[in-house]
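> Sequence:
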Amino acid sequence: MLDPAGFLVWPAEKLLAVADLHLEKGSSFAAAGRFLPPYDTRETLERLALGLRRWKPRRLVLLGDSFHDRHGCARLPPADCAALTRMLAGLEEVVWVLGNHDPEPPVGLAGIAAEEWRLGPFTFRHIAQPAAMGKPVPPGEISGHFHPKASMPTRAGSVTRPCFMTDGRRMMLPAFGAYTGGLDLRDPAIAGLFPRGGRAFLLGPDRLYSFPTGPLRMLARAPEAANAPPP
Numbered sequence: 001m002l003d004p005a006g007f008l009v010w011p012a013e014k015l016l017a018v019a020d021l022h023l024e025k026g027s028s029f030a031a032a033g034r035f036l037p038p039y040d041t042r043e044t045l046e047r048l049a050l051g052l053r054r055w056k057p058r059r060l061v062l063l064g065d066s067f068h069d070r071h072g073c074a075r076l077p078p079a080d081c082a083a084l085t086r087m088l089a090g091l092e093e094v095v096w097v098l099g100n101h102d103p104e105p106p107v108g109l110a111g112i113a114a115e116e117w118r119l120g121p122f123t124f125r126h127i128a129q130p131a132a133m134g135k136p137v138p139p140g141e142i143s144g145h146f147h148p149k150a151s152m153p154t155r156a157g158s159v160t161r162p163c164f165m166t167d168g169r170r171m172m173l174p175a176f177g178a179y180t181g182g183l184d185l186r187d188p189a190i191a192g193l194f195p196r197g198g199r200a201f202l203l204g205p206d207r208l209y210s211f212p213t214g215p216l217r218m219l220a221r222a223p224e225a226a227n228a229p230p231p
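Each residue of the sequence shown is one higher than the one before, counting from 1 in my numbering.
One thing to keep in mind: the hints can contain errors.
[Claimed, not checked] Cβ-Cβ distance ranges computed for the label pairs, FRET-style:
| # | residue 1 | residue 2 | range |
| --- | --- | --- | --- |
| 1 | F35 | R155 | 36 to 44 Å |
| 2 | R199 | R155 | 21 to 29 Å |
| 3 | P78 | L36 | 19 to 27 Å |
| 4 | A31 | K56 | 23 to 31 Å |
| 5 | R169 | T85 | 34 to 42 Å |
| 6 | H71 | G197 | 35 to 43 Å |
| 7 | R118 | M1 | 13 to 21 Å |
| 8 | P215 | H71 | 35 to 43 Å |
| 9 | K135 | P37 | 44 to 52 Å |
| 10 | V107 | F35 | 23 to 31 Å |
| 11 | A82 | F211 | 40 to 48 Å |
Just so you know, these hints were derived from the structure itself, not from any lab. Beta carbons: idealized from backbone N, C-alpha and C, even for Gly.
Please model the entire structure based on the sequences and the hints provided.
And the structure:
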């Protein structure tokens, strides 16, 4: 099941998955001399707490880039660290899938860390794997990393929102963090993973807006954009 707040829910396993919290992005930018209001972690954790109260999962799978950098956990303000610790203490299992921003497990927080994690027919990883040598990707991949977003026409004009994206074999989750941007589904980084298109689920305030994409038509990218690092 897909929650318009950005969660993937597996009710039978009482599992909640979420991608790309990017906690402490504001403090990371501040350290580099780029000021952002230091409220992203608090807002993200409050939304995470709402999801945990709503779904009451036993398992929480965090699909990588949970912290914006490898030192983000150490920069957590005491109040936010305490709130996160309380949230995790109420769960039977917490899985920190490692990402490109946080390649090491957080210190002092409950849970296990893994490059990827499997349960039943599903594989949870940070970055989707491309098809190898023309062979299709085995079904059941769940990932994040690319912060997918899409646009759809409305009576008031085009609306762009973060989204889930699936082709029936793999599912890509939207970024959950308060300060995370998005990458258009037609960007080559995403379109190349869904060459036949699929179905997008745009996040709304209280519901999802679903539409088939058809084969994704790739956007032209400037040379500097094509060489840019992942989100």
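> State for each hint whether it applies.
A quick look at each hint next to the structure:
no.: 1; hint: F35 / R155: 36 to 44 Å; result: 38 Å, holds
no.: 2; hint: R199 / R155: 21 to 29 Å; result: 22 Å, holds
no.: 3; hint: P78 / L36: 19 to 27 Å; result: 20 Å, holds
no.: 4; hint: A31 / K56: 23 to 31 Å; result: 37 Å, violated
no.: 5; hint: R169 / T85: 34 to 42 Å; result: 37 Å, holds
no.: 6; hint: H71 / G197: 35 to 43 Å; result: 39 Å, holds
no.: 7; hint: R118 / M1: 13 to 21 Å; result: 20 Å, holds
no.: 8; hint: P215 / H71: 35 to 43 Å; result: 42 Å, holds
no.: 9; hint: K135 / P37: 44 to 52 Å; result: 46 Å, holds
no.: 10; hint: V107 / F35: 23 to 31 Å; result: 27 Å, holds
no.: 11; hint: A82 / F211: 40 to 48 Å; result: 42 Å, holds
Of the numbered hints given earlier, the model fails hint 4 alone.
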